[in-house]
Amino acid sequence: MNYVIIGNSTAGIGTVEGIRKHDKSGEIIIISNEKHHTYSRPLISYLLYGKTTEEKMKYRKDSFYEDNNAKLVFGNVLSIDDKKKTVNLENGESISYDKLLVGAGSKPFVPPMQGLESVKNKFTFMSLDDAKALEAIITSETRVLIIGAGLIGLKAAEGLSKRVASITVVDMATRVLPSILDEEGSKIVEEHLVKSNIKCILGTTTKELFEEKAILSNGDEINFDVLIVAVGVRPNTELVKDIGGQVNRGIQINTKCETSINDIYSAGDCTESYDITTGENKILAILPNAYMQGEVAGINMAGGNKEYTNAIPMNAMSILGLHMITAGSYDGEQIITKAENAYKKLVVRDGLLVGYIMIGEVNRAGIYTSLIRDKVQLDSVDFEVLKNKPQLIAFSKQVRMQKLGGVKNDN
Amino acid sequence: MKKVYVNEEWCLGCHLCEYYCAFANSGITDMVKALKDKKINPRIQIEEGGDVCFAVSCRHCEEPLCVKGCITGAITIVDGVVSVDREKCVSCYTCILSCPYGAVMPSDEGAIQKCELCVKNAGGEPNCVKGCPNKAIVFEERG
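One line per chain: the protein sequences are A and B, in this order.
Residue numbers are given in the working numbering: position 242 of the first sequence equals residue 242, and the series is strictly consecutive.
Here the working numbering = 1-based position in the second sequence + 1000.
Isolated chain B, as found in the complex (with noise of 0.2 Å):
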């Protein structure tokens, strides 16, 4: 299946995936108005230090362990895809504390979110990979 993949040597840090992530999830369809002003909490987020710089996101495991930790069963893995339903989510953060990625976070509505690869809005591309100017992040099948 086709992930998010990372080139961490061609990561410019310019944070672009960030606010692409963030107008992909904000539901408003002008980027200005989604953006502007705001202080974003995107659900792919740049390491940096040193010259290493480089973007971290949901890796879609096959084996999710915060599928199987989620007490509430509000994690699932749709079609591929580890999906959150933000209504059943009581915010336990047990997937916080389970996920070696460190991909899951506190959203700002109340439950957890996480990468969902855009299923849920725009759908096809990951608009993260859509605004990397650098093919640091790509979206396509790997072993």
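Isolated chain A (complex conformation) (with noise of 0.2 Å):
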């Protein structure tokens, strides 16, 4: 069997080590176009802050693609050849796959700014490369302007705050981290960015942009040196769309992460999942359903037989020591705790946790992200100890018996 993966990071990552598990011996080539060792992506602001290295941030050790027998094999792909089962890439070259795995990712999504193309010193934030170049150009006297206040809007300025003059975050949407966070977090979190001296300007779009300044629809000018474009990601489709594979805003797949086309599989940010807190297909662009995606991706590949049936979107950030933990959906009763450095909202629909929202205090989170993940039934556990915090004594004594005492499950 000959494997081909097209994605060096979480997601191509992850179907090589479900490809192990059922098969030691098959070809595994691994197509990257960036000419890096696997690394984590979402550590390049935790790079530019200083907090780790581009030798600590590879994603697997050195010798990972010798351990398991995979050719990592750098270069763009073009197209694929579904009939002919081959992947051709820009150079001409044609590698042919049993197996194929379309783990494109994301690419940066700019819109159309008027007088986006005078500006010198514009990035988008998405890459090791991206950071790169990013650091090689700043200084303390920098001037920052970042245009979205989003995960990655706000990890770059996290990542700048220490190494430049001054951050501004501009952004159309009217609260900060609106895709994880309610209202009364939203506002928890501006409040700390600007307590750290980072500027935050909502409901504001660029007007005009010029070489090195910025005119906003509230009329203010802000003088920049750097701007950073960090409105959203685009899921890269493409190769699976012009065979005419399934693709509505990502790629389709099913539990297996099998594509509408045989023998090809894909998996992460480039793809939809069902998101179990809606009942809907969605974007999950977070690096842990790319795992999982991957995984699974993998161990099908390989002739076993693995479903990814609980996805929920889930995020752990931080932003200058303010950590926060969130899960699920936002729709359903609230319930809201507060106290000095900590704000929890539970989200409850149809007797199941179906989101919650923990900022400041988020010991043992996961203990509520399993209550969604499994769907258990509030009634079968001491929901009023689980406001209060989450812990393992608000099961049964036999659900205890089985996460702690190693008693199996009969049912």
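These are computed hints drawn from the structure, not numbers from a lab.
Listed below are the simulated DSSO-like cross-link pairs for lysine-lysine, each with C-alpha atoms no more than 30 Å apart in a straight line:
| no. | chain 1 | residue 1 | chain 2 | residue 2 |
| --- | --- | --- | --- | --- |
| 1 | B | K1003 | A | K375 |
| 2 | B | K1120 | A | K58 |
| 3 | A | K397 | B | K1130 |
| 4 | A | K21 | B | K1003 |
| 5 | A | K403 | B | K1002 |
| 6 | A | K61 | A | K132 |
| 7 | A | K21 | B | K1002 |
| 8 | B | K1135 | A | K389 |
| 9 | B | K1003 | A | K24 |
| 10 | A | K122 | A | K187 |
| 11 | A | K195 | A | K345 |
| 12 | A | K387 | A | K345 |
| 13 | B | K1002 | A | K306 |
| 14 | A | K408 | B | K1130 |
| 15 | A | K241 | A | K256 |
| 16 | A | K389 | B | K1038 |
| 17 | A | K389 | B | K1003 |
| 18 | A | K61 | B | K1002 |
| 19 | A | K408 | B | K1003 |
| 20 | A | K306 | B | K1003 |
| 21 | B | K1135 | A | K397 |
| 22 | A | K122 | A | K195 |
| 23 | B | K1039 | A | K387 |
| 24 | A | K389 | A | K187 |
Derived list of chain A stretches under chain B, where covered just means 3 residues or more per stretch with a C-beta under 8 Å from a C-beta of chain B:
| no. | region |
| --- | --- |
| 25 | 280-291 |
| 26 | 314-325 |
Just so you know, these numbers come straight off a predicted model, no measurement behind them.
Just so it is clear, CB atoms sit at the ideal spot from N, CA and C, and this is done for glycine as well.
From these two lone chains plus the hints, build me the complex, please.
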């Protein structure tokens, strides 16, 4: 069996590890359009911040490819030929596959903005090369303008915070991190950013850009030396779309991570997942999801049988010392608790926990996550105890024996 | 493989396991010096309420969500033991988001920590098990 994997990031690595659970000898070729050993993409902000190094941010150890008998090839994939079962590279090379994984990831979305072409130092913030290019240009005098107050924009702000003169974040949304927080949570994070000398201008768009200046829709003029565009990402779906595979916003896959085309699987940020908390297909561009999809795809590619059926949105995020963990969706009965340095919201719908937000105090959050992922009926646990804090004592003795005592679940 | 299991009806709620854990992970050979007047942050923690109490520590899952979700590759399985490379960890807390047992926690040194079955300490038997006066936690093979 010969496996080809497009993409050398989380989904691709998960695929290699999934394949090798079942097939120790088949040939694996990984095609990467970034000339690096596999690295952790979310760590590029930590690299700028000084909390990691290029060496430490390698996602797997140096011997990973050798240990897994996998060959890493650098190149850009132009197309897939699903009839001949080949992958065609920009350099004219063509690589045959029996089973193919498309882990093509996503690309930064840069919306049309008047004057963008006249900006001298403009960046997106998605790759190690982006981070290194930024690092090469910034000094303690640099004024940075970031467009986008989502996860990528704020992590870029954190990464640069100790190293530049000023940071301004502009977003057309009226609050920060709107994709993972509620209004109260956004307010807490915004106050924290302001305290950390990161200026937020929200509910405002960029009207016109000049070489080192932006004019905003509220009339403000912001002078900058470096512009970072972090308004969002778009999944790389073209390779599958071009050969007639089913694609909505992301590549469509089933619970075995198969696309609609024979012998082609897909995983990671280029795909859509079924969110069990809303019953909708959506893009869940988060690292754990990419790994678990990749692993499932790999197992199935190698002749095993595994399904991935409990994807949920979930994020652990910290910004300048403020930790937050969120999961699921927020439509339902809201149970809110506040303490001096902590905010917590639990969301209940139809007798199930479907979402939560924890800011400041995040200990043992995974117990809440498991209630969502496992769709635990709340009338089977002591929910009053769980409202206070996540703890296993809220489960029945029988369940605790399974969780902690090694007793098998007979059901 | 041998793991730490809980016999909750025998747990006295004495918290000695927490102290033995903190001692084993302190790197200090004198128990008094290691623990006296210190606020401990053990990797095994007692839950109690009403007349129930029991200890919780890492289950060393065969399909560990903390390992699969780790964004840095700092958490790996080494000979069955779910282990942390503290140099690689950046404290993003995705493992805390992921662990269904609440058995991963921030350390005092700026990385996460979890039970590693004392393999990086004295070795052999986990210190919490050695120190438990009532065999409420045991280190053995179970199904």
